[in-house]
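Please work from the sequences and hints to get the whole structure.
4 protein chains.
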Amino acid sequence: MGKSRLEAFSDGVLAIIITIMVLELKVPHGAEATALVPLLPVFLSYVLSFVYIGIYWNNHHHMLHTVRKVSGGILWANLHLLFWLSLFPVSTGWMGENQFAPLPTAFYGVVLLMAAIAYWLLQRTIIASQGVDSLLARAIGKDVKGKLSPLCYALAIPLAFLSPWLANLLYVLVALIWLVPDRRIERLLTD
Amino acid sequence: MGKSRLEAFSDGVLAIIITIMVLELKVPHGAEATALVPLLPVFLSYVLSFVYIGIYWNNHHHMLHTVRKVSGGILWANLHLLFWLSLFPVSTGWMGENQFAPLPTAFYGVVLLMAAIAYWLLQRTIIASQGVDSLLARAIGKDVKGKLSPLCYALAIPLAFLSPWLANLLYVLVALIWLVPDRRIERLLTD
Amino acid sequence: MGKSRLEAFSDGVLAIIITIMVLELKVPHGAEATALVPLLPVFLSYVLSFVYIGIYWNNHHHMLHTVRKVSGGILWANLHLLFWLSLFPVSTGWMGENQFAPLPTAFYGVVLLMAAIAYWLLQRTIIASQGVDSLLARAIGKDVKGKLSPLCYALAIPLAFLSPWLANLLYVLVALIWLVPDRRIERLLTD
Amino acid sequence: MGKSRLEAFSDGVLAIIITIMVLELKVPHGAEATALVPLLPVFLSYVLSFVYIGIYWNNHHHMLHTVRKVSGGILWANLHLLFWLSLFPVSTGWMGENQFAPLPTAFYGVVLLMAAIAYWLLQRTIIASQGVDSLLARAIGKDVKGKLSPLCYALAIPLAFLSPWLANLLYVLVALIWLVPDRRIERLLTD
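Chains as they are written, first to last, in the numbering used here: chain A, 1 to 191; chain B, 1 to 191; chain C, 1 to 191; chain D, 1 to 191.
Honestly, the hints are just simulated from the structure, not real lab data.
Idealized CB from N, CA, C, for every residue including glycine.
Hints should not be assumed to be uniformly reliable.
[What the hints assert, rightly or not] Covered stretches of chain C, as calculated for chain B (at least 3 residues, CB under 8 angstroms):
{"hint": "1", "stretch": "20-27"}
{"hint": "2", "stretch": "57-69"}
{"hint": "3", "stretch": "153-164"}
[Said to hold, decoys possible] Some chain B residues close to chain C (C-beta under 7 angstroms, calculated; not the full set):
{"hint": "4", "residue": "12"}
{"hint": "5", "residue": "34"}
{"hint": "6", "residue": "90"}
{"hint": "7", "residue": "93"}
{"hint": "8", "residue": "94"}
{"hint": "9", "residue": "103"}
Pasting the structure below:
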């Protein structure tokens, strides 16, 4: 089975997730400037989630480059990742509409954590089907970022109840370390 | 006529169906934990439907692999299947928002049943255009799963009025027997 | 410029239109059978529009098969068609929620008429860029269906104020004469 | 890394943006003609935004034709453009629902301006990765339209507070000068 339909379906789902998140930015009631004020936290949470989905799409893109044969296990590990990513719009909206309150901020961290675990599982499934000497296994190496991120999320979840702003700072920091594109796979492909 | 646009269109519709289902998970009012409680049944019904759409996408993917020429009949049988799958979001939302009440649970079963019949019709249409010795005809063989599933749905629909939980258990069981990927077509393609 | 992105974009828009129409089927309030009653006209109008979008996708698919070079004119004629098709969800919802009242039924006819005119314009633009002896020009021939349909819509619009049911009957009849797939292009391609 | 997935993802996001804008055209309450009146400004703003997204898709299409290798910078410059375009539905709805009031009209101009800047940044990023003698650099030449448009938006934003109608006239004028398809790239590719 080829991977083109897997890519097309994942692209479709990610494109829809990134776009329906904007539906949480409800059209304000009234035409005055004060009508925009309650939208500000929703807008900030939208920017954060937009960047996260962008990072996932980017890295997903690179990872699938190394796949040749799509097995049933890869299909379901991929759907599992898409499932957790599909919870971004509702958790983003909940956090934004409550001005980054503790529980919604912690909940957002849970969704980030589960998506990170699902990504790691997909990575494991691909490597398992390709052998430990595979392109992907060599490309990710020690996978420092991939191991650091879930740790940060796991730390941020309880932290959200003490200081939601510190938790959100952690989410932003993790996004920033991923924004540097994952050149490892690109480099190996060039070699 | 090639099948690539048929695949692309079906992928698009399935990607949108699987993603707009999440819109039924409305952003909770209030930032406290109790605001999440009414979302739990909606979340559970979302998980069930996500798995079902994933199964349909997976098997649809395999089935279309065996198609070479797309006839008008195949196009319309495919649209007919997409029609019933497009009713998943509303029936999922109705069942979840009413905590798996009898009538919404039975209605969900009707949509599952109609989608199963539509899938079977599409399968028949493809085999009819390819001949009884076709790859697909040999691949599905006796098609035990394909015959068992509508029977289970037909049983679950009246059962929902006696015990919605038993009906939902049946839906989960059918999903589980399909989660095992349909290796028959893969195996035949390899031979 | 190739036509693959034009097809992909059109497929995407049509897949989204056909799927967001289902969002007008609002999750009913209450779990009893009477909660489904107001949904019936919305459901019927959804079925009609689903079939119409299916017909457009089908014929659009055939028509673009005959295109080799995509000009700026074709791009904009195609976007113009997509614009009118994008008004299907709102006009379908309006007609369904008002139990096929006169004005919404007439409005639905206006959208059908404008989409038919836009389709005809796209056809003209493609033929103009290919010459009168082109594959498409020969394939559509006298284009009886293409000329009859806008006439029926134009007739149904005033008729809707006398009898909305007769107008809707006309919409169904036109859909039925198009459901027969347009084999003219298929036949010519085979020759 | 190839550009086909970048195109597919961008097409998906643009197709969804252009289609969910229509969700702001809410189904009117009531079946009489007066129910349509408040929809008129929403409809007009929808037409304007539809044309703008069409122009962006069209030019994006041409620009990516000149790209051979997709770098990380291009990926993120493209996502940045999609981010600002994703704000079209909410700003369109806000302007339409408030009958082109000053602040929403100015806000719409801000979104147009940011999208124009993002488009220009993407153009710069592509040229930077290809060299100043690249196809794209020669194709855009002095890029009069690309420099004039942000100036017009920057002018229209303060103007909206004096006369929203003049500001909207400017938006329409800029759209009209872009509607003429960008034949420069087509011409160069033909040479």
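Earlier hints that do not hold, by number:
Structure breaks hints 3, 5.
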